[in-house]
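Asker: Chain by chain, the residues:
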Amino acid sequence: MKTTIKIAWRNIWRTPMRSFLVIGSIIMGIWAGIFVIAFCYGLNKQRTLNSINNYVSHIQIHHPEYEKDHDSKYFLENSSRIKKELEADKNIKAFAFRSLLNGMISSPIKSNGVRIIGVNKNEEKKLTSIHSSLVEGSYFESKRKNPILIGEALAQKLKVKLRSKIVLTFQDADNNIISGAFRICGIFKTKYSKYDQGNIFIQNSDLQRLIKSEEFHQLALLCNSLDDVDSTYHSLKNTLSDYDVKDWKTIAPELAYADEIMETWLFLIMIIIMLALIFGIINTMLMAVFERRRELGMLMAIGMNKSKVFILILTETFFLSLFGAPLGMFLGAFTIRLTSETGINLAMVGEGLRSVGLGNIIYPEIEAKFYIFITAMVFIFTLIAAIYPSRKALKLKPTEAIRTI
Amino acid sequence: MKMIFKMAWRNIWRNKRRSIITISSIFFAIFFAVFARSFQIGIYNKMIANMVGMYTGYLQIHQNGFWEEQSIDNSFIPDQTVIDILHNNKDITDYNERLESFALTASKNLTKGAIIMGVNFDKEDNLMDLRPKLISGEFPADTSASMLISEGLASFYNMSVGDSLILLGQGYHGASANGIFPICGILKFPMPDLNGRLVLMPIKATQELYDASERLTSLVLQIKDPSKLNRLKKYISKKLDLDKYELMDWKSLLPEMVQTIQADSAGGVIIIGVLYMIISFGILGTLLMMTAERMHEFGILISVGMRKSKLILTLIIESLMMGVLASILGIIGISPVRYYFNRHPIRLEAQAAESVESYGFEPVIPASLDLDILFNHAGIVLLIVLICTLYPIITIWRLKPVKAMRA
Amino acid sequence: MKKLLFSFLFIAFQSSAQDAYEIIKRSDEHLRGASQKAEMSIEVQRPKWSRTMEIKAWSLGTEYSFILIQAPSRDKGTVFLKREKEIWNWQPKIEKVIKLPPSMMMQSWMGSDFTNDDLVKESSILSDYTHEIVGDTILQNRTCYSIKLTPKPEAAVVWGKIITFIDKLDYLQLGSEFYDEDGYLINKMEASDIKFFGDKILPAIMVMTPMEEENQKTILRYKYIEYNIDIEESFFTKQNMKSLR
Chain A
1 MKTTIKIAWR NIWRTPMRSF LVIGSIIMGI WAGIFVIAFC YGLNKQRTLN SINNYVSHIQ
61 IHHPEYEKDH DSKYFLENSS RIKKELEADK NIKAFAFRSL LNGMISSPIK SNGVRIIGVN
121 KNEEKKLTSI HSSLVEGSYF ESKRKNPILI GEALAQKLKV KLRSKIVLTF QDADNNIISG
181 AFRICGIFKT KYSKYDQGNI FIQNSDLQRL IKSEEFHQLA LLCNSLDDVD STYHSLKNTL
241 SDYDVKDWKT IAPELAYADE IMETWLFLIM IIIMLALIFG IINTMLMAVF ERRRELGMLM
301 AIGMNKSKVF ILILTETFFL SLFGAPLGMF LGAFTIRLTS ETGINLAMVG EGLRSVGLGN
361 IIYPEIEAKF YIFITAMVFI FTLIAAIYPS RKALKLKPTE AIRTI
Chain B
406 MKMIFKMAWR NIWRNKRRSI ITISSIFFAI FFAVFARSFQ IGIYNKMIAN MVGMYTGYLQ
466 IHQNGFWEEQ SIDNSFIPDQ TVIDILHNNK DITDYNERLE SFALTASKNL TKGAIIMGVN
526 FDKEDNLMDL RPKLISGEFP ADTSASMLIS EGLASFYNMS VGDSLILLGQ GYHGASANGI
586 FPICGILKFP MPDLNGRLVL MPIKATQELY DASERLTSLV LQIKDPSKLN RLKKYISKKL
646 DLDKYELMDW KSLLPEMVQT IQADSAGGVI IIGVLYMIIS FGILGTLLMM TAERMHEFGI
706 LISVGMRKSK LILTLIIESL MMGVLASILG IIGISPVRYY FNRHPIRLEA QAAESVESYG
766 FEPVIPASLD LDILFNHAGI VLLIVLICTL YPIITIWRLK PVKAMRA
Chain C
813 MKKLLFSFLF IAFQSSAQDA YEIIKRSDEH LRGASQKAEM SIEVQRPKWS RTMEIKAWSL
873 GTEYSFILIQ APSRDKGTVF LKREKEIWNW QPKIEKVIKL PPSMMMQSWM GSDFTNDDLV
933 KESSILSDYT HEIVGDTILQ NRTCYSIKLT PKPEAAVVWG KIITFIDKLD YLQLGSEFYD
993 EDGYLINKME ASDIKFFGDK ILPAIMVMTP MEEENQKTIL RYKYIEYNID IEESFFTKQN
1053 MKSLR
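Protein chains in written order, with our numbering: chain A, 1 to 405; chain B, 406 to 812; chain C, 813 to 1057.
The hints are simulated quantities; they were obtained by calculation from the structure and are not laboratory data.
One or more hints might be untrue.
Just some of the chain C residues that point at chain A, by a computed CB distance under 8 Å [claimed, not checked]:
(1) 966
(2) 968
(3) 970
To give an idea of the interface, some chain B residues facing chain A are shown, with a C-beta separation under 7 Å as derived from the structure [as the list claims (entries may be wrong)]:
(4) 426
(5) 433
(6) 437
(7) 676
(8) 694
(9) 777
Computed cross-link-like contacts, DSS-like style, restricted to lysine-lysine with a CA-CA straight-line distance of at most 30 Å [claimed, not checked]:
(10) 513(B) x 908(C)
(11) 860(C) x 644(B)
(12) 407(B) x 805(B)
(13) 68(A) x 593(B)
(14) 249(A) x 407(B)
(15) 145(A) x 960(C)
It should be emphasised that the depicted structure is a prediction, and the values quoted were computed from it without experimental measurement.
C-beta: ideal position from N, C-alpha, C; glycine also.
Could you put together the complete structure from these sequences and hints?
Answerer: Following this line, the structure appears as structure tokens:
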């Protein structure tokens, strides 16, 4: 046995090209597996984060009756209590209180129904990325009175622009009709023009001055990371049980939907990649076995028995895999490290992708367990792939083999 | 020249085993590339079909200018030429007449804005798959003036089948639209936005409500084969009076969807790219080993007098022949598999299935039967084969016969 | 000497602003009166169609009013009730009284170029603007003040400025021009056919034209107006909507 191992070891150094091919296949296989998984998760994460950062946040809290008909009389009672609770939770990175009202926005030309979102500028900046999706103007930095932020799609519909005056009309909690003149201090654009058309932002302070109350309808918060959400969600459900607490998965189930589909799809594509890899290795090794028939025939002629030949080839493959595996893992890790910093810009790949807008840079990421998993899988598959060619080697007839050209 | 072909062909079959290994590596390359891509395209098409089937359909005809200003004053009465175009085209299985507008719904104490869709229920059931969404009551008769409301609306008013709801709005040419209509059924739509404010009524009753007799806001075309969409669109555009009408496909009707799909598609391309890396490596490996094995043979041929360029050409032709053969086999081999997965798509499991079903969509991953995929990828693989053939070409080029013969 | 001149100018300026305010006020009061009953027609003209409605209206100050539609037959019997800041609607077909939400306020009234808000809003002409006489014009063979109304900073109005023309003799509002903040003329109102209704002199025809559209306008024609009728707040009730004639 020891001899076989010695021979196997020497063999792999003797024919660098052959060895390189097998090692190369293994490295490719591991790299591909790691990259594809990281890429898919990164793609999905990007989509989820985009929604969370712009629209949903991690967790939202409302009055228990609010969700049903969005009536402004259902505001968050005792908001200072909520505030205290959130400030005490170390997992929470940022939170913001908002007033929500349905009303009309009017310009000299046209009127439109909108949802009016009253925000606290500084809280919001930490919570959402709307402030970085401005195409014009500023995020409430204007010194004018009653600034308002409107979506580009809506500005176009109303035929207004930066610094134009518009009038908001809405009802307060007692059903009195309130109007106020506002001036556009900024124009934002997100990926969903429907959102841009239907929502506008004003400062809570201005809103509350008009409706003469200081109530909020919604609390949205961000945890330090996506992983903290579950535990935070459950603990808040407990301590704030008289409110309606929802996490992003409940608010935007279509995000979770994408996650699930992706995992099934990923599984499928991994199977295909692994199969392609295995067949590639089988073919390469078959070719290699026949390239070596003279040498193997020689060995068998001088007395190496068939089972030893079989083990020889497998041992060679084993050694090659030992080299390939860590190299593959390293290459994979390196690629992930690199691309997760700079991101992969999809625009350069897609033909005919016009202005893709924000958030189409993918940051691949992968859990540590996958490294081991993929590497082990490729290692085992390579050895299994080697079985068939090795068995073919046994069918060589020594006498014929020596005589071949 | 003919001799080179002959030689190439004989070379291939001279060493069956070697050639079969090479051919099979190319075969598998095509097989897997097409397999993966078919699923990708299959998913996109299914996603599009799902989204499109929910409301807009693949293709719509409106009065010119309607999409920019969607008011009932921009409704139209389709003239006979339009009807003829639609009737005479085999790819159009049906066309749905719709009159859509806004109205204020009201009860004694509450009001809520809603979208009113005047439709032909059987045709819409075909397109939008309404029946499974009916959670109580039944479809109104085409001649009646009762309506279906969405679940969100029903719970807002706390109403059920048998109650009546008031509609107030602006009709055609400034007429006022108002009436009180009984609810004969409730529909549940998966999209919460739609679910909160949709009302469906027989089109005749809607036309009467808005004082828009015989008028439509859109004609939604039902298409037999979505892959023929572009061709159909071109055909209709040629025959349609584009001053009077506008023809829009789902891409213009749902621009947000287009963006999402493009982003997904780009991701898909990257993944196929990775697959191709693996495949190419496999093919390269096979060719490398083949070259190593035939060094002796090359050495003899060169030393006996064959010109290197001829040998190289022979090798290129060998590769091409094997490539083409493998392609044909690959196409033949993958087709039944694709067909199978098209008819019996992969079912999603547990959680994934639930999420998808909650939207009213089938939780499946089907394979596409697009012929384009076959030919595109066969082409790409052949190209890869040619590129990998560079290695043996360069080896031959640098060959020193004596050394080769001693290999 | 300078000081005297300066203070003289100051007083003159003040009184001109005072005058402008007074002029508008008188014009407004002339139009409104304590209570009023009227019959009119509203013709809506559009590039491809036109419609005419016959209307009967009652009002008490600016807080309460009834509008009853008498023609065309499709809309006959429709009633709008305004009580303070709320609008109610009655449709004979529906037989239920509905309160219109604020979102309806900004939408056009019955498809015309007037909004619900125009009907409902307390005359904010006085309180939401500062007033200044900027010249004279001749309209309908009468000399009129041209008065510029500039919205106060807090005022909830969409206009950049309004120029209104008030006749010097009877303080009739004979025209208004509504500008956006960039100085574009958006809407124009013109009054004509001045005659006596009882003992009040008023323009019988008012035309509202949106300048950004082509071939579009709304024409209001008064057939009959009676002032200071015997009417009380208790008349303007939801119950009365059903029996209005």
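Asker: Does residue 407(B) lie within 30 Å of residue 249(A) when you go C-alpha to C-alpha?
Answerer: Judged against 30 Å, a Cα distance of about 68 Å means the pair is violated.
Asker: Would you check the hint for residue 860(C) and residue 644(B), treating anything up to 30 Å between C-alpha atoms as holding?
Answerer: 27 Å, holds
Asker: Under the criterion that the straight-line Cα-Cα distance not exceed 30 Å, is the pair residue 513(B), residue 908(C) satisfied?
Answerer: 7 Å, holds
Asker: So, residue 966(C) near chain A? Judge it on the closest CB pair being under 8 Å.
Answerer: Nearest chain A Cβ about 7 Å off; hint holds.
Asker: Measuring from the C-beta of residue 433(B) to each C-beta in chain A, is the shortest one below 7 Å?
Answerer: Constraint on residue 433(B) satisfied, holds at 4 Å.
Asker: Does residue 777(B) pass the interface check with chain A, least Cβ-Cβ distance below 7 Å?
Answerer: 14 Å, violated
Asker: Would you check whether residue 437(B) satisfies its interface hint, that is, whether its CB is within less than 7 Å of any CB in chain A?
Answerer: Residue 437(B) check passes; min Cβ-Cβ to chain A is 4 Å, inside 7 Å.
Asker: Once the shortest beta carbon distance from residue 676(B) to chain A is found, is it less than 7 Å?
Answerer: Given a least distance of 6 Å, the restraint on residue 676(B) holds.
Asker: With a cut-off of 7 Å on the beta carbons, see whether residue 694(B) makes it to chain A.
Answerer: Where the cut-off is 7 Å and the nearest Cβ of chain A is about 3 Å from residue 694(B), the hint holds.
Asker: Restraint: residue 968(C) near chain A, CB-CB cut 8 Å. Satisfied or not?
Answerer: 4 Å, holds
Asker: Close enough to count: is the Cβ of residue 426(B) nearer than 7 Å to one in chain A?
Answerer: 5 Å, holds
Asker: Grab the minimum C-beta distance from residue 970(C) to chain A and call the hint holds if it beats 8 Å, violated otherwise.
Answerer: 5 Å, holds
Checked against the numbered hints listed earlier, the structure breaks hints 9, 14; every other hint is satisfied.
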